[in-house]
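Q: For reference, the chains in residue letters:
4 protein chains.
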Amino acid sequence: MELQMNGTALKAFMAEHFPQVADDFRVLAVRPGEITLEMAVGESHLRPGGTISGPAMFALADVAVYLALLAVIGPKALAVTTNSSMDFLRKPAAGRPLRAEARILKLGRVLAVGDVLIFSEGCAEPVARASLTYSIPPERK
Amino acid sequence: MELQMNGTALKAFMAEHFPQVADDFRVLAVRPGEITLEMAVGESHLRPGGTISGPAMFALADVAVYLALLAVIGPKALAVTTNSSMDFLRKPAAGRPLRAEARILKLGRVLAVGDVLIFSEGCAEPVARASLTYSIPPERK
Amino acid sequence: MELQMNGTALKAFMAEHFPQVADDFRVLAVRPGEITLEMAVGESHLRPGGTISGPAMFALADVAVYLALLAVIGPKALAVTTNSSMDFLRKPAAGRPLRAEARILKLGRVLAVGDVLIFSEGCAEPVARASLTYSIPPERK
Amino acid sequence: MELQMNGTALKAFMAEHFPQVADDFRVLAVRPGEITLEMAVGESHLRPGGTISGPAMFALADVAVYLALLAVIGPKALAVTTNSSMDFLRKPAAGRPLRAEARILKLGRVLAVGDVLIFSEGCAEPVARASLTYSIPPERK
Numbered sequence: 427m428e429l430q431m432n433g434t435a436l437k438a439f440m441a442e443h444f445p446q447v448a449d450d451f452r453v454l455a456v457r458p459g460e461i462t463l464e465m466a467v468g469e470s471h472l473r474p475g476g477t478i479s480g481p482a483m484f485a486l487a488d489v490a491v492y493l494a495l496l497a498v499i500g501p502k503a504l505a506v507t508t509n510s511s512m513d514f515l516r517k518p519a520a521g522r523p524l525r526a527e528a529r530i531l532k533l534g535r536v537l538a539v540g541d542v543l544i545f546s547e548g549c550a551e552p553v554a555r556a557s558l559t560y561s562i563p564p565e566r567k
Numbered sequence: 427m428e429l430q431m432n433g434t435a436l437k438a439f440m441a442e443h444f445p446q447v448a449d450d451f452r453v454l455a456v457r458p459g460e461i462t463l464e465m466a467v468g469e470s471h472l473r474p475g476g477t478i479s480g481p482a483m484f485a486l487a488d489v490a491v492y493l494a495l496l497a498v499i500g501p502k503a504l505a506v507t508t509n510s511s512m513d514f515l516r517k518p519a520a521g522r523p524l525r526a527e528a529r530i531l532k533l534g535r536v537l538a539v540g541d542v543l544i545f546s547e548g549c550a551e552p553v554a555r556a557s558l559t560y561s562i563p564p565e566r567k
Numbered sequence: 427m428e429l430q431m432n433g434t435a436l437k438a439f440m441a442e443h444f445p446q447v448a449d450d451f452r453v454l455a456v457r458p459g460e461i462t463l464e465m466a467v468g469e470s471h472l473r474p475g476g477t478i479s480g481p482a483m484f485a486l487a488d489v490a491v492y493l494a495l496l497a498v499i500g501p502k503a504l505a506v507t508t509n510s511s512m513d514f515l516r517k518p519a520a521g522r523p524l525r526a527e528a529r530i531l532k533l534g535r536v537l538a539v540g541d542v543l544i545f546s547e548g549c550a551e552p553v554a555r556a557s558l559t560y561s562i563p564p565e566r567k
Numbered sequence: 427m428e429l430q431m432n433g434t435a436l437k438a439f440m441a442e443h444f445p446q447v448a449d450d451f452r453v454l455a456v457r458p459g460e461i462t463l464e465m466a467v468g469e470s471h472l473r474p475g476g477t478i479s480g481p482a483m484f485a486l487a488d489v490a491v492y493l494a495l496l497a498v499i500g501p502k503a504l505a506v507t508t509n510s511s512m513d514f515l516r517k518p519a520a521g522r523p524l525r526a527e528a529r530i531l532k533l534g535r536v537l538a539v540g541d542v543l544i545f546s547e548g549c550a551e552p553v554a555r556a557s558l559t560y561s562i563p564p565e566r567k
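Chains as they are written, first to last, in our numbering: chain P, 427 to 567; chain V, 427 to 567; chain C, 427 to 567; chain G, 427 to 567.
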């Protein structure tokens, strides 16, 4: 796997294709097959008991593996998630950003699989784990 | 399983505990261990290619099984999702509401498990499938 | 979906391709996109506390959805499982056969997805739930 | 997490509680929250096309996380798997042993979660990934 897009290119891709949510995310590091992504946590992500909503953490996991994938296959907005599994392990701190550490486990011709750990700032143990599968659209010729 | 909360009670619960998203959802039917829930699809749920985002469909699946569970255990806002798996099967129609049909498969003392099919209005086949596990908080005495 | 293989054809396929385990399984009913499959439970499937092992129940889930798929796509031994998720809901009775009720939720060109409930004889509620994805090999031309 | 059982203790536990399969497994390394486990691959694990069956890989994943858990909580045969998700990434080599590298991500009072990568001897990339949840039985008093 070689890097086709760096952090700046990923940021520009997000701003163009996912303008509603692009500002929530910040690429902290990207290497071939690996990414570290931060998500700012706003009011809309919170839930009863001061915790962060499941869908907000799902969104972070999904975007993290998606960007780790795009970084090595190039900008293909139409790659789609076909499967996910996620474990919610601990309650994240409500006022702190979340950090995702994702890696690509398989990069096939039509399917890619990655997994991700999510951390809450200030806590050494992960707050969630997820694995995701993406279907890669065939090249248009 | 007996019904502790009907559609009106579930709606009031959502409005109180999840004010950011309560208006997106409408309980179409609720029976012991089963619920049919509709989600309006807005601009913020859309993605490149005119499809509905994975996190939006995850949110619907999560809320549907959660409400099916609360309907039989009563209003416990602190029940939390511990695990989910989800398959994204087909591209939903962008401008149409989604409908979730959820059922409770196990209602234990500390864990409950349910699954759900999601349909896009006008399409007979499901656009997504999910299963979710919830941890039920112990009764305060 | 139309039926390409009936119960007799599925049994012959199992005997040819999976001789080690074919005798454990019995097709009780097959319709387009649906199958009911019984698994005899032997000593090798048991675990401490008199329960049935997770791998034995996984095998039943996997075979059930696989046969439901083959029944509509024809005998393709090289279809492979790419993803599974499974919830173990209740302790099955040790000395009783298990029954799987599987259905195909998506039959695409390269991927098929199905889910399955597993029942223990004499108990109305499911003992396990699983969903599985299969990669369908391209036609040789 | 502290180590309550070393490799020798885990081997003795397997021989006592899982005599049917204990000889298939060999603990290569165990540390608090981590284990490396090898599984010999026999005729009964093979499938059409010379690959290793899904249930055999599931069994390895399940045993690996289970032993990683027992190593830190002590010998509790009645801990049971409640959920699993697994991705089958590549075809393992038929005649080679499999190696599982498992880690505990959460060790709670009633639930533990771990994940695992499975490698086929001679291949640097994983052939499968799994995550598993176990319910820990309460202490008898």
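Each hint should be verified, as a subset may be incorrect.
Where chains are identical, the list cannot tell them apart; a pair therefore holds if satisfied intra-copy or between any two copies.
Unchecked claim - Here are the simulated DSS-like cross-link-like pairs (lysine-lysine), alpha carbons at most 30 Å apart as the crow flies: (1) Lys532 x Lys502; (2) Lys437 x Lys517; (3) Lys502 x Lys517; (4) Lys502 x Lys437.
In short, the hints are calculated from the structure, not lab data.
In this text, all values refer to a predicted model and were calculated from it rather than measured experimentally.
Q: Compare the structure with each hint and give your call.
A: Against the structure, the hints:
Proximity of lysine 532 and lysine 502 under a CA criterion of 30 Å is satisfied in both settings, with 17 Å inside one chain copy and 24 Å between copies. Taking CA atoms no more than 30 Å apart as the test, lysine 437 paired with lysine 517 passes in both settings, with 28 Å inside one copy and 26 Å between copies. In this assembly of identical chains, the alpha carbons of lysine 502 and lysine 517 lie at most 30 Å apart only when taken from different copies (17 Å versus 34 Å within one copy). Taking CA atoms no more than 30 Å apart as the test, lysine 502 paired with lysine 437 passes inside one copy only; the shortest distance there is 14 Å, against 40 Å between copies.
Of the numbered hints stated above, none is contradicted by the structure.
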